[in-house]
Amino acid sequence: MTTDEGDVQGTHLFAKILAGNLSKSLSTDLLVDQTSILMIGGQDTTSNTMAFALIELARHPALQASLRAELLDAGADTANGFDSLPLLNAVIKETLRFYPAEPISEKVALVDLAVPLSKPVTLKDGRVVNELFVRKGQYIGCEFGAYQRTTSRWGPKPEEFNPYRWIEDQVGQEGETMASSPYSSLLSFANGPHVCLGSPPL
-2 MTTDEGDVQG
8 THLFAKILAG
18 NLSKSLSTDL
28 LVDQTSILMI
38 GGQDTTSNTM
48 AFALIELARH
58 PALQASLRAE
68 LLDAGADTAN
78 GFDSLPLLNA
88 VIKETLRFYP
98 AEPISEKVAL
108 VDLAVPLSKP
118 VTLKDGRVVN
128 ELFVRKGQYI
138 GCEFGAYQRT
148 TSRWGPKPEE
158 FNPYRWIEDQ
168 VGQEGETMAS
178 SPYSSLLSFA
188 NGPHVCLGSP
198 PL
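Taking the numbering used here as reference, the numbering of the sequence shown is continuous, increasing by one, and the terminal residue is 199.
Check before you lean on any hint, since a few could be wrong.
FRET-style restraints, in silico, Cβ to Cβ [claimed, not checked]:
#1 Gly39 to Gly142: 14 to 22 angstroms
#2 Leu23 to Ile137: 29 to 37 angstroms
#3 Leu107 to Leu69: 51 to 59 angstroms
#4 Thr119 to Gly39: 37 to 45 angstroms
#5 Ala16 to Ala62: 41 to 49 angstroms
#6 Ser24 to Arg56: 20 to 28 angstroms
#7 Thr43 to Ser81: 16 to 24 angstroms
#8 Val105 to Glu67: 17 to 25 angstroms
#9 Thr25 to Ala55: 44 to 52 angstroms
#10 Leu69 to Val108: 54 to 62 angstroms
#11 Phe79 to Lys121: 22 to 30 angstroms
#12 Gly189 to Arg56: 50 to 58 angstroms
#13 Leu69 to Ser24: 28 to 36 angstroms
None of these hints come from the bench; they were simulated from the model.
Backbone N, C-alpha and C fix where the C-beta goes; we use that ideal spot for every residue, glycine too.
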């Protein structure tokens, strides 16, 4: 992974951590600690997502049979990667949409700010607002599960588990503004400087 000159080779996560630490700003002990956190941190989210996918495949035997046929047809040839398996990709995306591993993300405002709304909202007292005012130190919760079940963004019947929405292009039929996300507009991996390290490559 490293050479005498300090070069780091490889594209996996640990190579990236070492590449970012060529100046030795982190001690070996700290790097080892980070490694254990990364290994434990992604364990439950990954296993839960896989469990939910298996539950849905058990609930939908026809879908399970179609996915099995796609995988058998692909055989051991992985040269084209998972991108050559549209139904498998659709099942993964739909599982992440329907069962976000982290259903809510909380952030703390570092400064006072006004958050613009995409559409005006009428309050109980009749006032119409176009932005929300947030004070420094207040918590802001982003509900991934609610966003990922909006009809305007995810097409007809967002409350149903339907991987074919990804294949039949039913996503975003009404032109809803897409969320900024590293993976198919799903917020399952969040975004920005704190994006999940396990998110698929762009």
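Quick check: which numbered hints come out false for this structure? The structure conflicts with hints 6, 8, 11, 12 and 13, although it agrees with all the remaining ones.
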